[in-house]
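Student: Heads up: the protein sequence lines correspond to chains A and B, in order. The first sequence begins at 1 in our numbering and counts up by one. The second sequence begins at 1 in our numbering and counts up by one.
Worth flagging that the hints you see were computed from the coordinates, not collected in a lab. A few of these clues could be false.
Mimicking DSS-like on lysine-lysine, the simulated pairs with C-alpha atoms at most 27 Å apart in a straight line are [what the hints assert, rightly or not]: (1) B:LYS213 <-> A:LYS163; (2) A:LYS177 <-> B:LYS53; (3) B:LYS213 <-> B:LYS223; (4) B:LYS83 <-> A:LYS221; (5) A:LYS205 <-> B:LYS213; (6) A:LYS243 <-> A:LYS130; (7) B:LYS213 <-> A:LYS202; (8) A:LYS130 <-> B:LYS53; (9) B:LYS53 <-> B:LYS213; (10) A:LYS55 <-> B:LYS223.
In case you want the letters, here they are:
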Amino acid sequence: MSNRFDRLHPLVSFCYFAGSITLLLAMLHPLFLGAAFVAVLAVTFIYDHGGNLRKWTVFIVISGLFIAILNPVFNERGRHVLFVAYNHRFSLEAILIGGMNALSLMSIIALFVTYNEVMTPNKLLFLFSKIFPQFAVLLMLTLRFIPLMRRRLEEISAVQASKGIYVTDGKLRDRVKNGMLYVQVLLTYSLEEAIQTADSMKARKYGTGRRTSYEYFIFTKTDLAALFYLLILFGTVLYGRIKGLGYLNVYPLMEPLSLSPQEGVTFVLFLLFFIFPFVVEVGGRIRWRL
Amino acid sequence: MRARRIALNFGALIIVAAMILLMFLKPDSYVEISAGILLLSIVFLLVRFESRKVEARELVLLAVLAAIAVVGRIAFASLPSVKPTTFVIMMSGLVFGAESGFIIGAVAALASNMIFGQGPWTPWQMIAWGLVGYTAGLLRNTAMMRNIWGKIVFGLLWGFLFGWIMNIWGFLALVQTGGTWSIHAFVTYFAGSALFDLMHALSNVFFLLVFGKNWLKILTRFKRKYGLLE
Chain A
1 MSNRFDRLHP LVSFCYFAGS ITLLLAMLHP LFLGAAFVAV LAVTFIYDHG GNLRKWTVFI
61 VISGLFIAIL NPVFNERGRH VLFVAYNHRF SLEAILIGGM NALSLMSIIA LFVTYNEVMT
121 PNKLLFLFSK IFPQFAVLLM LTLRFIPLMR RRLEEISAVQ ASKGIYVTDG KLRDRVKNGM
181 LYVQVLLTYS LEEAIQTADS MKARKYGTGR RTSYEYFIFT KTDLAALFYL LILFGTVLYG
241 RIKGLGYLNV YPLMEPLSLS PQEGVTFVLF LLFFIFPFVV EVGGRIRWRL
Chain B
1 MRARRIALNF GALIIVAAMI LLMFLKPDSY VEISAGILLL SIVFLLVRFE SRKVEARELV
61 LLAVLAAIAV VGRIAFASLP SVKPTTFVIM MSGLVFGAES GFIIGAVAAL ASNMIFGQGP
121 WTPWQMIAWG LVGYTAGLLR NTAMMRNIWG KIVFGLLWGF LFGWIMNIWG FLALVQTGGT
181 WSIHAFVTYF AGSALFDLMH ALSNVFFLLV FGKNWLKILT RFKRKYGLLE
């Protein structure tokens, strides 16, 4: 599938991810969270090219199970006792809460698989540079230094190894000490080099005035429409949530799971928010055919 | 410039006061409010950092320290669970002050996650490492931090505190429902990471004992030589 979602303006993609996480945390209803989980998995399935989801599956399942089990184990409250084991009441309410928490957590983690595919470091840097320009420069410098220092560390370890100072074998105490010695050499080495870098920045008039720069990301009409789509849905759903929709009261008395008509509308809007990437892709296809 | 900074601090105070008031008005949603305070405090420190014009030399220095904090992990790739990141950030905070310490910690966390992959833990890591640098900077002139034993206690504490801050994001999901959470659940949850936290704390102490003095000397000499971030 062509990747139109990937080509949207970083602001739009960021709003999608930030909004999704907020809604996942705000909503507390098995139907809402279940639907969101399926939607997130489907989105992940499409955009995950490197098989990252498979790498994360274990983590997702384990943390989900952990959260799902932890609540009923420590929480006995609830009117519907399912079974009693070791003098401990396992109530439907406690299991439901545990399950909902697990769904919300698993969805958030799964969402980050897509996030890492779509919100590449350059997009995040772009967003930072608009709001916190100085911090963005700092981040950019740090990101540039990391590979450089990796190479320096290799050089250092080669030199030190020739002197018989290793990290790879010996007693644990010596290995840790030698490792830190490498880092210390790296520190003194890099600090002096840093002054050079800074002076060369200064020589090129860093920070003396406004600079223009090449804008790789352009905010188009499509982006504007997408942003409206997201903001309106997000706003309505959040308004509904404040009014108590999409929130299942478990204590003191459990509400029925079924949705009221009003809640049904909120549910549809909620789902429309989560399938935003599909809307973008399908919308693109339709426009292509027209 | 100065007026802007004062206005900024004043604004932050008002927001914090409003948040605390909100917490009294809506005691049920303390989790959301706490998360809000957390995010706002990151934003506040970033805005504060933006409000001052940082010299190129200082900027590069901060970047070098943050990068070393990240790359230090690679030097210890053959030794799992011994990571010098916290130690590096602590030393930076001690020499260059609270604000620089926070920025170094936060940038180190963000940059390392940009390379190794972002997750829901990113903001927590930024806060945790940022606070390591921040507290080290705040306490740098106290008798405690001048004393080697004080520093060891500090390193030991942060080994555990770091793990606890990182645990909170998982635990929050549990508490978020407003369902009952007992101290038992809390202890069980946190005991799960105790071994890693202990390793973290012990490696901090080891680094402080063996390298603390040296690093302070190197960084202080460098700071004086070029007159940076005084």
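Student: Each hint: holds or not?
Tutor: Tested hints:
With a C-alpha separation of about 24 Å, the suggested pair B:LYS213 and A:LYS163 falls inside the 27 Å cut-off, and the hint holds. Restraint check for A:LYS177 and B:LYS53: the C-alpha separation of about 38 Å exceeds 27 Å, so the hint is violated. Straight-line distance between C-alpha atoms of B:LYS213 and B:LYS223 comes to about 15 Å, which keeps the hinted pair within the 27 Å bound. Straight-line distance between C-alpha atoms of B:LYS83 and A:LYS221 comes to about 47 Å, which puts the hinted pair past the 27 Å bound.
With a C-alpha separation of about 37 Å, the suggested pairing of A:LYS205 with B:LYS213 is violated against the 27 Å cut-off. A hinted pair counts as satisfied when its Cα atoms are at most 27 Å apart, and A:LYS243 with A:LYS130 does not qualify at roughly 35 Å. Straight-line distance between C-alpha atoms of B:LYS213 and A:LYS202 comes to about 32 Å, which puts the hinted pair past the 27 Å bound. A threshold of 27 Å between alpha carbons decides the hint, and for A:LYS130 with B:LYS53 the separation of about 16 Å falls inside it, so the pair holds.
Taking the CA atoms of B:LYS53 and B:LYS213, the gap is near 31 Å; set against the 27 Å cutoff, the hint is violated. Between A:LYS55 and B:LYS223 the alpha-carbon distance is near 44 Å, which puts this suggested pair outside the 27 Å criterion.
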